[in-house]
Structure formats: structure tokens, C-alpha cells
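**Student:** Let the sequences and hints guide you as you build the complete structure.
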Amino acid sequence: MAETAAPVAPPDTEKKEKTDPKESRDRGYLVICWNDPVNLMDYVTHVFQTVFGWPKAKARRHMLQVHETGKSLLVRETFEKAEHYVHQLQAYGLQATMEREE
Amino acid sequence: MKFIRSQKADSAGRPLVFHISQREKVVLLATLKLYPLLDVSYHQLSRDPKTSGQAEQQWLEEAMEQQRQDHKKKLGQFFNNDRRFFKDGKDDLLFTLTGEQMEWLLRVLNEIRVGSWVRLGQPELEEARKLSLTGAQARLFTAMELSGYFQAALLEAFS
Chain A
-11 MAETAAPVAP
-1 PDTEKKEKTD
9 PKESRDRGYL
19 VICWNDPVNL
29 MDYVTHVFQT
39 VFGWPKAKAR
49 RHMLQVHETG
59 KSLLVRETFE
69 KAEHYVHQLQ
79 AYGLQATMER
89 EE
Chain B
421 MKFIRSQKAD
431 SAGRPLVFHI
441 SQREKVVLLA
451 TLKLYPLLDV
461 SYHQLSRDPK
471 TSGQAEQQWL
481 EEAMEQQRQD
491 HKKKLGQFFN
501 NDRRFFKDGK
511 DDLLFTLTGE
521 QMEWLLRVLN
531 EIRVGSWVRL
541 GQPELEEARK
551 LSLTGAQARL
561 FTAMELSGYF
571 QAALLEAFS
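Line by line, the protein sequences are chains A and B. Going by the working numbering, the first sequence opens with residue -11, and the numbers climb by one from there. Going by the working numbering, the second sequence opens with residue 421, and the numbers climb by one from there.
To be clear, the hints were calculated from the coordinates, so they are not data collected in a lab. All of these numbers come straight from a predicted model, not from anything done at the bench. For every residue, glycine included, the Cβ atom is placed at its ideal position computed from N, Cα and C. Among the hints, a few may not be true.
[Claimed, not checked] When the alpha-carbon atoms are kept at most 25 Å apart in a straight line, the in silico DMTMM-like pairs for lysine to aspartate or glutamate are as follows:
| hint | chain 1 | residue 1 | chain 2 | residue 2 |
| --- | --- | --- | --- | --- |
| 1 | A | K46 | B | E520 |
| 2 | B | K470 | A | D14 |
| 3 | B | K470 | A | E89 |
| 4 | B | K470 | A | E87 |
| 5 | B | K422 | B | D508 |
| 6 | A | K46 | B | E576 |
[Unchecked claim] Quick partial rundown of chain B residues pointing at chain A, CB under 10 Å, derived from the structure:
| hint | residue |
| --- | --- |
| 7 | L465 |
| 8 | K470 |
| 9 | T471 |
| 10 | L480 |
| 11 | M484 |
| 12 | Q487 |
| 13 | F506 |
| 14 | L525 |
| 15 | E531 |
| 16 | R533 |
| 17 | G535 |
| 18 | V538 |
| 19 | E544 |
| 20 | M564 |
| 21 | G568 |
| 22 | L575 |
[To be verified] The following label-pair restraints were derived from C-beta to C-beta distances:
| hint | chain 1 | residue 1 | chain 2 | residue 2 | range |
| --- | --- | --- | --- | --- | --- |
| 23 | A | R64 | B | P469 | 16 to 24 Å |
| 24 | A | K44 | B | I424 | 20 to 28 Å |
| 25 | B | E546 | A | D14 | 41 to 49 Å |
| 26 | B | Q478 | A | E56 | 15 to 23 Å |
**Tutor:** Below is the structure:
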């Protein structure tokens, strides 16, 4: 199997594994991918793998959730990281947005 | 267009090789000439206006506009290279891409696919196939289908 491109890491993701309480509080932004009839299913799976570095099975699960339920919550992040991911996903042509968690 | 499975991309950057007919090459280049089709206003950072401000939305649109310009410039350079396609037998060609080039081409093709769909009024695809289309709409519909065809061929290399 051909390798996919290296995942696009957002700033600071590799610096710390444990999240401090403040960061946990700040992680109130949801990155959501919305369904559309035009993006190919294999393409969406590929984009999730590339942007988040997910294994294919996880990427495919989220792709199917988008397809079957109309949307999928991809990650919960700080404002900056959520914005970074939305930029990445939209650069690939997916309908992804960030929403403040209720 | 078909991925030649024996040729694997690897970390050493060896290219992926695709078999492509002369006719497919003509169609691929004609489809790519349509880029860009998607207006930057298509890109919305959030569906809830309280989540982000106007500045963040503007930044997203500027980033997408910059990407369009970069992709457009690269398209001109990339396909002006005579060595992009190699002869393979009497009528057919080989087309090589590095992994990075393939990622880029997938994005460009997807922009054409999504942009065509948006210009068609964002229809459900099955409905769109039953519509009687004007000439301009038929060209957009064809671009949408063809870009999807080439995307699927490229994605074969990742399967």
C-alpha cells in the first residue's frame, strides 16, 4: 500500500501528552465535518488520515458517520487548534466548521 | 487512468506511476484548465456567528485565496513539462507523480468537483443526473464527473 502524506500537525501537539486543567477548560471548540453529496467517500477518508494522522479504520468510521448522520464531531480543541484544523480540512474542500461547545 | 500497483511510493520519494491513454490525458488537461471554480465565500469557519469573529472568517478566506493562486501557478508549471507523460507502447502513456504531487493534484481535482457542484446549485447527484441541463450546466456536470473519475484513479494508489 502506498504511503499517505505525513499528517499535518497543528502547533504544539507534540509538546505535551498530558493536558493541564486550563487547557482542558480551553478545549471547548468542536471541529465538525458536515455531509455533502459531492466529496468522494474514499477522498474524505484519505483527508481525515492525512490531516489528523488517524489510522484508516478510524478515518473511515468518521467518514461513515458524516455520510449516515449528516455530520461527525472530529476533535474537541482549543480555539487556535480548532481553527487550524478547519483551515486544513477546508483546504481539502471538505465542509468543516468549528463550533463553541454548549 | 489506472494506478500501476507494482510501483510503490515510499519514503525515498520514488514516484507513483499511472497508466493513462492519450484521450484521458487530453480530458485530464481540459478538466484542469477549469481551475479554480470555487468562490472563497464558500468557505465558512463556523455555522454559529458567536463562535468566531469577522477577522477569523476573513483570514480563512484569505488563506483559501492564497491557496487558489498557488495551485493555479503550480498547475501551469507542472503540466508545461514535456516529460510529465512518457510514451508506453503505441498509443498509451505513463504519468508519474510523487506522493506530494499526488496530494496536490487530488486537492485541485476536488476543488473542480466541488466548485462545479456549487455552480450547479448544490444538487443531490442522483437528481442532477435526471435534470435536463443547459449547455453550460452540462459542461459543469461533466467537469464534476470527470474530476471525480480522476480522483478515484489517484486514490487507488492509497488503497
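**Student:** Each hint needs a verdict: does it hold in this structure or not?
**Tutor:** Now the hints, each set against the structure:
1. A:K46 to B:E520: holds, 23 Å
2. B:K470 to A:D14: Roughly 16 Å separates the two Cα atoms, so the pair holds.
3. B:K470 to A:E89: Roughly 11 Å separates the two Cα atoms, so the pair holds.
4. B:K470 to A:E87: holds, 9 Å
5. B:K422 to B:D508: holds, 13 Å
6. A:K46 to B:E576: holds, 19 Å
7. L465: holds, 6 Å
8. K470: holds, 7 Å
9. T471: Holds. Min distance 5 Å.
10. L480: The hint holds - L480 of chain B has a Cβ within 10 Å of chain A, the shortest such distance being about 6 Å.
11. M484: holds, 7 Å
12. Q487: holds, 6 Å
13. F506: violated, 19 Å
14. L525: violated, 12 Å
15. E531: holds, 6 Å
16. R533: For R533 of chain B, the interface hint holds, since the closest Cβ of chain A sits about 6 Å away, which is under 10 Å.
17. G535: At 9 Å from the nearest chain A Cβ, G535 of chain B passes the 10 Å test, so the hint holds.
18. V538: Hint holds; V538 of chain B Cβ to chain A Cβ min 8 Å, cut 10 Å.
19. E544: holds, 5 Å
20. M564: Nearest chain A Cβ about 7 Å off; hint holds.
21. G568: With Cβ-Cβ at 6 Å, under 10 Å, it holds.
22. L575: holds, 5 Å
23. A:R64 to B:P469: 16 to 24 Å: With Cβ atoms ~20 Å apart, the hint holds.
24. A:K44 to B:I424: 20 to 28 Å: holds, 22 Å
25. B:E546 to A:D14: 41 to 49 Å: Since E546 of chain B and D14 of chain A have Cβ atoms about 43 Å apart, the given range 41 to 49 Å holds.
26. B:Q478 to A:E56: 15 to 23 Å: violated, 34 Å
This entry does not satisfy hints 13, 14 and 26, going by the numbered hints stated previously.
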